[in-house]
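Given chain H, work out where chain Y should sit, using these hints.
As a plain string of letters, each chain reads:
Protein chains: 2
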Amino acid sequence: VSGRPVYVSGVGMTPFGRHRESSPEQLGQTAVLAALADAGVAPGAVGEVFCGTGYGLPGTGQRVLRDLGLTGPPVTNVENACSSGSSAFRLAVRAVASGQVDVALALGVEHLSGLGGGTLPAAKGDVEGSVGLNGPALYAMRARRYLEATGADSKHLAMVAVKARRHGALNPYAHFRKPVSLDEVLGARMISDPLTLLMCCPTSDGAAAAVVTAAPVPGDATPIRVAASVLCSGVEEDGGRDMSWSETTARAAAQAYAAAGLGPADVDFAEVHDAFTINELMYYEALGFCERGGALGLLEHDETSLGGRIPVNPSGGLLCRGHPVGATGVAQICEAVWQLRGLAGDRQVQGARVALTHTTGGGVPNLDHLACAIHILRKEDRS
Amino acid sequence: VSGRPVYVSGVGMTPFGRHRESSPEQLGQTAVLAALADAGVAPGAVGEVFCGTGYGLPGTGQRVLRDLGLTGPPVTNVENACSSGSSAFRLAVRAVASGQVDVALALGVEHLSGLGGGTLPAAKGDVEGSVGLNGPALYAMRARRYLEATGADSKHLAMVAVKARRHGALNPYAHFRKPVSLDEVLGARMISDPLTLLMCCPTSDGAAAAVVTAAPVPGDATPIRVAASVLCSGVEEDGGRDMSWSETTARAAAQAYAAAGLGPADVDFAEVHDAFTINELMYYEALGFCERGGALGLLEHDETSLGGRIPVNPSGGLLCRGHPVGATGVAQICEAVWQLRGLAGDRQVQGARVALTHTTGGGVPNLDHLACAIHILRKEDRS
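Top line first, the protein sequences correspond to chains H and Y.
Position 359, counted from 1, in the first sequence is what my numbering calls 385; the numbers after and before it change by one each time, with no gaps.
Position 200, counted from 1, in the second sequence is what my numbering calls 226; the numbers after and before it change by one each time, with no gaps.
Bound-form chain H, shown alone:
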């Protein structure tokens, strides 16, 4: 983050899940009001707004804000596939860091129920997608390659889902609140071999918001600073042929660690883009939480579970908290803030001081990622 220090001073979100009766505007308003109240910031103090949505209507951010009377400041809607929310958050951070405004609001909204359910639709003109290379199919291919390369088997893919559900059962904002067993995950309906239904994130509705400020707000005993804010698009120098490695995530992580002056060993927990269980294993490696090929060891030794060395997705992640596309990246920020404040209840990561959040968007029809966003948040020492 070049420029002034930037703090996340308030967060709020709706529970994720099916909200067929609510409009996207209502979901967004709930999140915005909660974040403003959490920060103790009046709507009139907001200098700029960024709204991430993957499938929302034109003017989604303005539609949310209008009924709140939060009108006047610049509002920009951002679309970056599954990184729409984190891309919006990054621009809010920059708006403050650059000195343009003292208070910015990031918002993510998605109402996938409005799309009718099922996998996310292939874009018009997307030849590969329209003949079946949709999200689950693509990640099934990556899973096959990863299993082949590492000697892992379906049980490992299932263990990620079991962990996500175990964590998410403790999270009142999660789409699913019930743990599942290994056998349930392995025995669930096959979606795209080897990925069963319970190895795929659900299509959820929801919204999340974060208030970003140039200084801690009055009374904030645990100011949380944005230590890194990185966005990358994928390169394809090898044609994306090594499907078991995420070059984009690795590159974004390297930039984020450099910006924060930290390394993977300094991260106390992470919220990671586990759209499918295979992703999480790949990202353990690309984020540097273990050596390449070491993900199975981390998983088998429960090191990424609550209580482990580096808990991943204490919220339940996309698999269990849910994945309302444009809201996910901002929801990760909410979880990071609650954890760093020590307010995460039964799912608290004890003594957490440094959090990493990660989303990747795109991937169909190409292995490449349209947009990988990584943020590092750090609790400041108060003296």
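Because the hints were derived from the structure by calculation, they are not lab data.
Hints may be right or wrong, so weigh each one.
For identical chains, the list gives no copy identity; a pair is met inside one copy or between any two copies.
Claimed, not checked - Restricting the straight-line Cα-Cα distance to at most 20 Å, the calculated cross-link-like pairs of lysine to aspartate or glutamate (DMTMM-like) are:
#: 1; residue 1: K150; residue 2: E47
#: 2; residue 1: K150; residue 2: D372
#: 3; residue 1: K150; residue 2: D128
#: 4; residue 1: K150; residue 2: E326
#: 5; residue 1: K150; residue 2: D328
#: 6; residue 1: K150; residue 2: D93
#: 7; residue 1: K181; residue 2: E329
#: 8; residue 1: K181; residue 2: E210
#: 9; residue 1: K181; residue 2: D219
#: 10; residue 1: K181; residue 2: E47
Just chain Y now, kept in the frame of chain H:
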């Protein structure tokens, strides 16, 4: 613009019009390559990209760039209705001004032919829009109110179209290249009384791009600096009842003039959001080119024609150059740069040193504007 000075060092666009045979990606690529070549900047030097599109597919910017090999840097897609392109340009300006990158690319892409033609579709759930209060209907209401308040008549509405076509006939990038007469405009098919077909902008396809840099590029004899970059959303304190006044434009203009340290009298020409002819009259007043109620006088005395005191839309504007939604704001920047460089050929505004560009997006179902963007560009004195 807070932060470092920012220059527009290269621009490029496709001709606007019907490009049914071209993909949005191809249109975008043509514009990007032209802008990079114009700036003499290699694709690898681009540090960040913003892509404006109103109706494009998810990942539009990344789709455009992938086949150019311009992969790796952060790419963010921006949707702000008719201000999508100018909102993208503003974020490119901020990326450079803030010191984040030295070179940023702004891109606007739209392929309205893909939507099937006719007026822009009402958003799902937009009750007023779905029963007929679409763009032409809304601006017809504003026109009625304006005619009532000022004593203007349909002839004035037609004169704006005649001027636009006269200018645009000189612009090789324009959708329409043929002048029209007052009688042709008045006698055209009625779309929404009092607006005839020729008083409404066409639905066009096209793309435009601009390269933004922290310093003039080598050999740039006429560096063009961004003197103001403003985005506002509308407020509705009076419920939008005075339909003949654009509060949002007036507020954005006041901010832009203050940022540039200039006033309306310093503006040598302007590119203004004339989606319908009535708009241009309202914006003369809101931009301060005349007193409130003075627009008819400006028009009648040809002061906003080429050769007049303050030429408006020398490009032909939305009415004649065309209006591919997400591309329009960036195309205005292209026109401003060409004019300030003295390279606008038959439509050159002689001696132009200061240009203002203006887009407004939204307005349906509400009179309020979702996003009004104003930029002021200024040719620097070289000593």
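Quick rundown of the hints versus the structure:
Taking the closest pair of Cα atoms, K150 and E47 come within 20 Å of each other only across two copies (15 Å); inside a single copy the shortest separation is 28 Å, beyond that limit. For the homomeric pair K150 and D372, neither the shortest alpha-carbon distance inside one copy (44 Å) nor that between copies (40 Å) is at most 20 Å. Proximity of K150 and D128 under a CA criterion of 20 Å is satisfied in neither setting, with 40 Å inside one chain copy and 35 Å between copies. Taking the shortest alpha-carbon separations for K150 and E326, neither the intra-copy value of 41 Å nor the inter-copy value of 47 Å comes in at or below 20 Å.
In this assembly of identical chains, K150 and D328 lie within 20 Å of each other by CA distance neither inside one copy nor across copies; the values are 42 Å within and 46 Å between. Taking the shortest Cα distances, K150 and D93 sit within 20 Å of each other only across copies (18 Å), while inside one copy they are farther apart (33 Å). Taking the closest pair of Cα atoms, K181 and E329 come within 20 Å of each other only inside a single copy of the chain (17 Å); across copies the shortest separation is 76 Å, beyond that limit. In this assembly of identical chains, the alpha carbons of K181 and E210 lie at most 20 Å apart only when taken from the same copy (11 Å versus 74 Å across copies).
Taking the closest pair of Cα atoms, K181 and D219 come within 20 Å of each other only inside a single copy of the chain (13 Å); across copies the shortest separation is 68 Å, beyond that limit. For the identical chains of this complex, K181 and E47 are neighbours neither inside a copy (37 Å) nor across copies (49 Å), given an alpha-carbon limit of 20 Å.
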